[in-house]
Amino acid sequence: MPPILEVRGLVKHYPLTRGVLFKKQTGAVKAVDGVDFILDAGETLGIVGESGCGKSTLARMLVNLERPTAGRILYKGEDITRLSGRALKAVRRNIQMVFQDPYTSLNPRMTVGDIVGEPYEIHPEAAPKGDRRRRVRELLDVVGLNPEYINRYPHQFSGGQRQRIGIARGLALRPEIIVADEPVSALDVSVQAQVINLLARLQDEFGLSYVFIAHDLSIVRHISDRVGVMYLGRIVETGTDTEIYDHPTHPYTQALLSAVPVPDPAARAARGDRILLTGDVPSPADPPSGCRFRTRCWKARDTCAKEVPPLAVPVPLAHREGPARHASACHFAEERRVVAAPEPLA
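So in numbering that gives the first Met the number 0, spot 198 of the sequence shown is number 197, and the numbers just go up one at a time.
Just so you know, the hints here were simulated from the structure itself, not pulled from any lab data.
Honestly, I wouldn't trust all of these hints.
To be verified - Distance windows between CB atoms, simulated:
(1) Thr277 - Ala86: 44 to 50 Å
(2) Ile121 - Pro287: 21 to 27 Å
(3) Asp130 - Met109: 28 to 34 Å
(4) Asp203 - Asn93: 17 to 23 Å
(5) Asn150 - Arg200: 54 to 60 Å
(6) Tyr13 - Pro264: 16 to 22 Å
(7) Lys88 - Asn196: 31 to 37 Å
From a predicted model like this one, the values you see are computed outputs, not experimental measurements.
Every residue, glycine too, gets a C-beta built ideally from N, C-alpha and C.
Let the sequences and hints guide you as you build the complete structure.
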């Protein structure tokens, strides 16, 4: 079976201009600069990386809130990057988004019933008009909210409850793919696990496929089947959760995992020295030549400045057996055993 979603060479550049009346382009911010991945039906792909690496821009392009500068997004084999009008509207019904901030993603002047039922106004063929209120109540019950709250306003709910409302709105049209852009980063730790477990239950119940974006590495490991690590607009390593967390091969992934706090002193001592990166993150308007991580990498050599490393299984690891045989964009990748990787949430 072909993947339900396939991204090929996706690029998003924001032009930098100078002047008021006669604007002249002086450069571009390369927010996303050549991203490739596939998403199978019923699978969860986790995207991790530090702030500013292009994760949210990637999410907005997947739901066509941003038009890509180049590249293709294939939904069931159909290129959706150039769709418009009714064709785009039909695709959007199957690819929905859960936004990061539950405080600003809900209209404060609308009731919960109007917010969750709004997709039915945009896609009237999804539900008969007389049946919409019943469906909204069912959706509230599915996400763990009292259906009697249908006439309340967003300010009357907690942060976790508001995010559940956003999830209910995303489920209204029975989509096949949900793009979750850091859906738990604005929530308390005690509420995060509840929302993550809710998303996992809904995936089993409705057969959903997720593109899940987050900063918290333990949350990504808990919910994801495969993980992609982004740095400065590109994916630098991708593999299963076990491959990425227990056998990282790219230096940036190794540095990310080494920065995770470990509460157990014995495990912390067994993990070894923490990797401290030097220097600042380069500007996406002027990224380094060759490997974009080379300015902060302790393995950098002349080759790294001249050649862009492909996202492929590195040659030193290609002929070996074991979980380290996964794609990594590094000329000198090597396996680093992580003794105390982030454990999945309970």
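Hint check results:
no. : hint                        : in the structure
1   : Thr277 - Ala86: 44 to 50 Å  : holds, 49 Å
2   : Ile121 - Pro287: 21 to 27 Å : violated, 44 Å
3   : Asp130 - Met109: 28 to 34 Å : violated, 20 Å
4   : Asp203 - Asn93: 17 to 23 Å  : holds, 19 Å
5   : Asn150 - Arg200: 54 to 60 Å : violated, 26 Å
6   : Tyr13 - Pro264: 16 to 22 Å  : violated, 46 Å
7   : Lys88 - Asn196: 31 to 37 Å  : holds, 32 Å
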